[in-house]
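These are the residues of each chain, in order.
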Amino acid sequence: MSKVIPLSEAVRQYVRDGDLVYAAGFTHLIPFAAGHEIIRQRKRDLTLARATPDLIYDQMVAGGCARKVIFSYMGNPGVGSLRIVRAEIEAGKLEWEEYSHFGMISRLQAGATGLPFMPMNPTAAGDLERVNQNYRTIKDPYSGGEVVVVPALKPDVAIVHVQRADAEGNAHIWGIIGEQKEAAFAAERVILTAEEVVDEAIIRSDPNRTLIPGFIVDAVCQVPFCAHPSYTQGYYDRDNAFYLKWDEISSNRPASLAYMDEWVYGVKDREEYWAKLGEEVHARLKISSRPSVIVDYGNY
Amino acid sequence: MADYTSPELLTINAARLLRDGDTVFVGVGLPNLACNLARRTHAPNLLMIYEAGVIGAQPARLPLSIGDPTLVSGALAVCSMYDIFAFYLQRGNVDVGFMGGAQIDRFGNVNATVIGDYLHPKVRLPGSGGSMEIAAWANRCYLLTPHSKRRFPAKLDFRTSAGYLNGRSERQAANLRGGGMLAVVTDLGIMEPDETGELVLTALHPGSTVEQARENTGWELKVAARLRTTLPPDPEELRILREDLDPQGIYLKG
Numbered sequence: 001m002s003k004v005i006p007l008s009e010a011v012r013q014y015v016r017d018g019d020l021v022y023a024a025g026f027t028h029l030i031p032f033a034a035g036h037e038i039i040r041q042r043k044r045d046l047t048l049a050r051a052t053p054d055l056i057y058d059q060m061v062a063g064g065c066a067r068k069v070i071f072s073y074m075g076n077p078g079v080g081s082l083r084i085v086r087a088e089i090e091a092g093k094l095e096w097e098e099y100s101h102f103g104m105i106s107r108l109q110a111g112a113t114g115l116p117f118m119p120m121n122p123t124a125a126g127d128l129e130r131v132n133q134n135y136r137t138i139k140d141p142y143s144g145g146e147v148v149v150v151p152a153l154k155p156d157v158a159i160v161h162v163q164r165a166d167a168e169g170n171a172h173i174w175g176i177i178g179e180q181k182e183a184a185f186a187a188e189r190v191i192l193t194a195e196e197v198v199d200e201a202i203i204r205s206d207p208n209r210t211l212i213p214g215f216i217v218d219a220v221c222q223v224p225f226c227a228h229p230s231y232t233q234g235y236y237d238r239d240n241a242f243y244l245k246w247d248e249i250s251s252n253r254p255a256s257l258a259y260m261d262e263w264v265y266g267v268k269d270r271e272e273y274w275a276k277l278g279e280e281v282h283a284r285l286k287i288s289s290r291p292s293v294i295v296d297y298g299n300y
Numbered sequence: 001m002a003d004y005t006s007p008e009l010l011t012i013n014a015a016r017l018l019r020d021g022d023t024v025f026v027g028v029g030l031p032n033l034a035c036n037l038a039r040r041t042h043a044p045n046l047l048m049i050y051e052a053g054v055i056g057a058q059p060a061r062l063p064l065s066i067g068d069p070t071l072v073s074g075a076l077a078v079c080s081m082y083d084i085f086a087f088y089l090q091r092g093n094v095d096v097g098f099m100g101g102a103q104i105d106r107f108g109n110v111n112a113t114v115i116g117d118y119l120h121p122k123v124r125l126p127g128s129g130g131s132m133e134i135a136a137w138a139n140r141c142y143l144l145t146p147h148s149k150r151r152f153p154a155k156l157d158f159r160t161s162a163g164y165l166n167g168r169s170e171r172q173a174a175n176l177r178g179g180g181m182l183a184v185v186t187d188l189g190i191m192e193p194d195e196t197g198e199l200v201l202t203a204l205h206p207g208s209t210v211e212q213a214r215e216n217t218g219w220e221l222k223v224a225a226r227l228r229t230t231l232p233p234d235p236e237e238l239r240i241l242r243e244d245l246d247p248q249g250i251y252l253k254g
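Just so you know, the protein sequences line up as chains S and V, in that order.
Take the first sequence: its letters are residues 1 to 300, numbered as in our numbering.
Take the second sequence: its letters are residues 1 to 254, numbered as in our numbering.
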């Protein structure tokens with residue numbers, strides 16, 4: 001059964017006010033188009049969880065969508081500060097809950113595998129565990145030593161961008177695979193965005209590359225260039241210039257709001273956004289090909 | 001006047017700390033440059049691991065972020081974030097971790113979280129990322145930072161990652177698998193822990209003085225009995241950095 005629907009429809013149906021949202025992707029495959037659609041539909045009181053909130057959550061916080069953020073590294077990767085989330089936290093206007101990367105990702109691992117919590121070896125640093133009561137220390141029942149545990153993270157909705165998926169949501173991902181699979185399995189509902197919706201035969205030609213099976217997916221949305229200014233490995237480059245530019249835009253409120261007016265509220269969808277970026281940007285983000293050697297699964 | 005910049009000095013001295021065959025958990029910026037420099041000089045068999053889940057990266061261009069696609073193309077392996085922290089770091093497969101951070105105390109503990117009170121932050125910093133685990137589990141940790149009182153306060157506002165805690169014996173009692181902070185490279189010299197875990201000045205770069213180091217450290221900085229002077233950057237190291245690794249001077253401009 002085909003689950004292909006427009007992204008606007010998927011957000012309308014599957015993202016609800018007050019939800020815990022996990023828009024996945026460690027630098028790679030960040031579903032910006034879905035973030036922008038959530039802003040346009042004026043979703044409210046969301047708890048936004050991501051290891052690295054990145055520009056997508058900076059923009060969603062600027063759009064007034066969030067009540068709380070959960071993160072492990074709140075920076076603009078390679079640039080510096082994530083100014084809007086930071087300013088809201090410093091002003092006491094946004095709740096936050098924070099972990100180390102391994103703590104954050106262990107929470108998702110527990111959620112994805114149906115466990116109540118995950119153990120980790122102690123790090124002895126202490127202060128993060130002191131300020132976040134979700135970190136607990138328990139006795140290892142076998143050695144008598146100590147392990148640190150964090151509870152399962154179970155998002156109401158995960159949004160995962162992929163290179164290609166079939167109409168049911170069986171999805172191929174390559175490049176940095178971050179926490180896409182974990183987010184999808186941990187969540188109650190899954191919105192899949194794909195650069196390309198392809199025939200099932202293409203997915204079946206390389207089953208080891210399927211990280212997400214269709215039966216856990218609720219909606220499949222074909223959204224080329226969904227990840228910009230993040231990137232899709234093998235499709236287009238990361239727009240590093242924009243990541244640098246955002247540092248400037250987000251440093252003052254009028255500029256941030258003007259950006260949102262022009263690039264989020266001012267466009268209908270990702271197609272319009274991509275066209276508006278123009279040929280110069282398209283050319284700058286174009287990449288040349290470097291295919292892998294074909295894997296032979298054999299006929300049996 | 002030296003004919004190299006402060007970031008070049010930091011990067012070259014960091015590169016020299018790496019050994020051929022090391023597996024390094026690499027950060028972007030200067031650590032990435034240091035690793036690539038070491039790989040092109042004395043450590044051709046350096047294995048670079050990035051926390052984004054890339055093993056054996058051979059970046060063809062300077063990556064701005066730790067998740068740049070150039071790290072993936074041509075790498076030995078790519079895995080999930082859970083796997084990189086569990087199978088690689090926690091399991092004990094990482095020799096060297098490079099740390100960053102806003103504040104470092106005399107025992108090599110690092111604050112990357114907040115200036116001021118945690119709940120009412122004066123300056124909210126990005127937070128741990130992977131540093132809490134790297135500091136605990138990598139066999140050897142190094143930190144690169146400019147030398148200033150603000151960077152080396154008497155007391156941290158927040159302890160994001162563990163050096164020697166309140167002294168080497170406390171870290172030993174915590175039974176962490178990693179060896180802890182082995183050197184802090186600054187633009188004035190190098191600090192290394194003594195038998196108590198306290199960072200003492202063990203080397204000066206050519207042209208810097210003990211007085212400068214003391215003035216720019218927030219605690220009573222001890223000086224090692226045998227204070228070394230580091231070898232100045234050599235022309236080949238500078239050439240590789242300037243021509244091959246950071247031709248636009250993104251990280252290396254003074």
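Check the hints yourself; a few may be wrong.
[Unchecked claim] Below, a list of computed lysine-lysine pairs in the BS3-like style, where the Cα atoms sit at most 27 Å apart:
hint: 1; chain 1: V; residue 1: 253; chain 2: S; residue 2: 93
hint: 2; chain 1: S; residue 1: 286; chain 2: S; residue 2: 93
hint: 3; chain 1: S; residue 1: 3; chain 2: S; residue 2: 245
hint: 4; chain 1: S; residue 1: 68; chain 2: V; residue 2: 122
hint: 5; chain 1: S; residue 1: 154; chain 2: S; residue 2: 139
hint: 6; chain 1: S; residue 1: 286; chain 2: S; residue 2: 68
hint: 7; chain 1: V; residue 1: 155; chain 2: V; residue 2: 122
hint: 8; chain 1: V; residue 1: 122; chain 2: V; residue 2: 149
hint: 9; chain 1: S; residue 1: 245; chain 2: V; residue 2: 122
hint: 10; chain 1: V; residue 1: 253; chain 2: S; residue 2: 245
hint: 11; chain 1: S; residue 1: 286; chain 2: S; residue 2: 268
hint: 12; chain 1: V; residue 1: 222; chain 2: V; residue 2: 122
Note that these hints are calculated values from the structure, not bench results.
To see whether the hints hold, each was checked on the structure:
no.: 1; hint: V/253 with S/93; verdict: violated (37 Å)
no.: 2; hint: S/286 with S/93; verdict: violated (40 Å)
no.: 3; hint: S/3 with S/245; verdict: violated (37 Å)
no.: 4; hint: S/68 with V/122; verdict: holds (19 Å)
no.: 5; hint: S/154 with S/139; verdict: holds (25 Å)
no.: 6; hint: S/286 with S/68; verdict: violated (36 Å)
no.: 7; hint: V/155 with V/122; verdict: holds (16 Å)
no.: 8; hint: V/122 with V/149; verdict: holds (18 Å)
no.: 9; hint: S/245 with V/122; verdict: holds (25 Å)
no.: 10; hint: V/253 with S/245; verdict: holds (20 Å)
no.: 11; hint: S/286 with S/268; verdict: holds (24 Å)
no.: 12; hint: V/222 with V/122; verdict: violated (31 Å)
Of the numbered hints listed earlier, those contradicted by the structure are 1, 2, 3, 6 and 12.
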